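As you go down the protein sequences, you meet chains H and R in turn. Heads up: the first sequence begins at 540 in this note's numbering, then just goes up one per residue. Heads up: the second sequence begins at 212 in this note's numbering, then just goes up one per residue.
There's no promise every hint is true.
Quick partial rundown of chain R residues pointing at chain H, CB under 8 angstroms, derived from the structure [as the list claims (entries may be wrong)]: (1) Val294; (2) Arg322; (3) Leu325; (4) Ser337; (5) Thr347; (6) Leu376; (7) Leu393; (8) Pro418; (9) Gly437; (10) His438; (11) Phe445; (12) Tyr449; (13) Ala452; (14) Val526; (15) Gly528; (16) Phe535.
Simulated from the structure, these hints should not be mistaken for lab results. As the structure is a computational prediction, the values presented were derived from the model and not from experiment. Glycine included, every Cβ here is placed at the ideal spot set by N, Cα and C.
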Amino acid sequence: MIGEGTQSSNQRRHSFVKDRVEVGFFTDPSVCIGCKACEVACKEWNHVPDDGFNWSGNSYDNTGHLGASTWRHVMFLEQDRQKGNQIVGSHSLGNGDGEDPFRWVFLSDVCKHCEEAGCLEACPTGSIVRTEVGSVLVQNDVCNGCGYCVVSCPFGVIDRRPEPLPDAGGAFKCTFCYDRQKSGLVPACAKVCPTESIVFGRLDDLRARGTARVQQLQQSGYNDAQLYDPTETSVRGIHAFFLILGEPEAYGLSPKPQVPTIHLKAAWTSAFATAIASIVAALAAFAFFR
Amino acid sequence: MTNDRPSENRFEQLRQEAWEKGVVPGKGVDVAGGPIPRKPGYYGQPVVRPPVWTWEIPLYFFLGGTAGMASVIASAAIIFHHVDLARAAMWLAAIAGAVLSPILLIIDLGRPRLFLNMLRVFKHRSAMSMGAWILTLFGACVVPGLIALELHTQQVVAGSLDQLLRFVAGIFIFGSAIFGTLLATYTGVLIGATAIPAWFLHRTLLPIHFGTAGLGSAAAALELFGHRVPALNFLGLYAAAVESALLIWLSVDKHGVADRAIHEHASGWLIRIGEVLNGPLALVLRLFGLVPLAAISFLSGALISRFGWIAVGKVSGADPEAVFASQR
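Put together the whole structure using the sequences plus the hints.
Here you go:
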């Protein structure tokens, strides 16, 4: 069987929900083969509807970006850099003189399940909640589709599903397969990943695994391997973190993501000052200009 | 005829350009970017998501702001015994704030039938939740306030019962003024506390703009309804002066790439045109005594600028470079 004898918990039953253990995804592009099994498994298990097919022209990526009907998205990066000890050639045939490096990187993107989640803070209906395992869940039957989470997500993940798709009007994103996790099953994407590029497990285990993997890769010549886990920002860390090769911007990831609630103080101060100024102006107007 | 064909030198030139730049732009040829993508971020895909809101929301910002500040004018008018003006202001507040605004908000929802879920929780850290409660409480004050005021002025009942009505009207009208000022200003917080660069970079300006535009719009609307009193003219001058200052602030407070949607994109012109109409133009017209024209100019400016801010949010949210730049 594929994955037999691995150290990961991808193929094992667990009781993380019952034990209230913080869990996460660690996604590693250095072993991703770009098969998109995660996208397919996610859509099939969660009944995520077909949202159309468009040729993007962007490498082998015709999914585009995460959205209301795309909860896993395999990115295909084409970069003019060397991948580890990869032997690169040049435009002129023959000698591999390393003049024209080229590499292909695949990374399966997903909702980050932020420690300080913009969507959860913004939701006015209480539809978006934090689960026992630390993930962020949208309760579809409560959401009234106000659209405020859409502009509050620092990663552009959550979106409102348009007509005429099933369940249109509500906001959707990755559920971390909460339904599966409650039954001791592993999220669909991690379960099907043939190379364990997506690993599901305890967050502390995964962070150790990620750090070790970065060291291992750097020793093998992957000089630009690093973890993407913004713990030093107002987002205060993410439950689905990534190993990336190169800069986060190339993956559409903010180097310093911000949770929008940090702007509340300045904005409300300004609002209260305006409120008081308006009352004073109205009183003064009638007092002095009868 | 053969002169139209490129020479062999031209081909050499193209080959050289392709070799050096990786792309060759040409008429009728869509430059995909060659093997190495040259678009910012990940193939130019948005990093944060642009708003899904449509025309209902900017129109609500306009009507809600006008209604909220109309109740402030009503309160001041009651205190200084302008009862007719107070009645007109309360009617404006009730129709725009307690009838039209909720309708617009409900239409904009993805699932309008679940609109009551807005009152399921109270979250002070969600400007949307605060707004839902502010609008609800505003409606709960403005409607009984208007009814009590009308019953009192029509002298429906006499004696101590009338005194009670007068008292009740006062309480509810003052209550509506408190929630009204918040109704007019919270919308600036709503879009200021988001992940959209062009919005959050102006989180201090937005509540001032939305609140003051609401005050000026309420005064202008009441003047157009025939209440030409000096107090409203003063409020019109005040609002137009503040809006003029905001126009200057916005053109000085630039953030380069991060808020280029405002300064470089066509949707930014909506904001500027709106700000000119409700700022300097309304001010000058009023100083020349052309009150109705000033009122129309202010109202249209306040409306256009609200649409401008939403349009700018859509452009800015789709711009990956703006997001990266705004967080440096």
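Status of the hints after comparison with the structure:
1. Val294: violated, 12 angstroms
2. Arg322: Check passed: Cβ of R:Arg322 comes within 4 angstroms of chain H, closer than 8 angstroms.
3. Leu325: holds, 4 angstroms
4. Ser337: holds, 5 angstroms
5. Thr347: violated, 12 angstroms
6. Leu376: violated, 22 angstroms
7. Leu393: holds, 6 angstroms
8. Pro418: holds, 4 angstroms
9. Gly437: violated, 18 angstroms
10. His438: violated, 12 angstroms
11. Phe445: holds, 4 angstroms
12. Tyr449: Holds - the Cβ of R:Tyr449 comes within 8 angstroms of chain H, reaching about 5 angstroms at its closest.
13. Ala452: Constraint on R:Ala452 not satisfied, violated at 10 angstroms.
14. Val526: violated, 13 angstroms
15. Gly528: holds, 7 angstroms
16. Phe535: holds, 6 angstroms
Comparing the model with each earlier hint shows violations of hints 1, 5, 6, 9, 10, 13 and 14; every other hint is respected.
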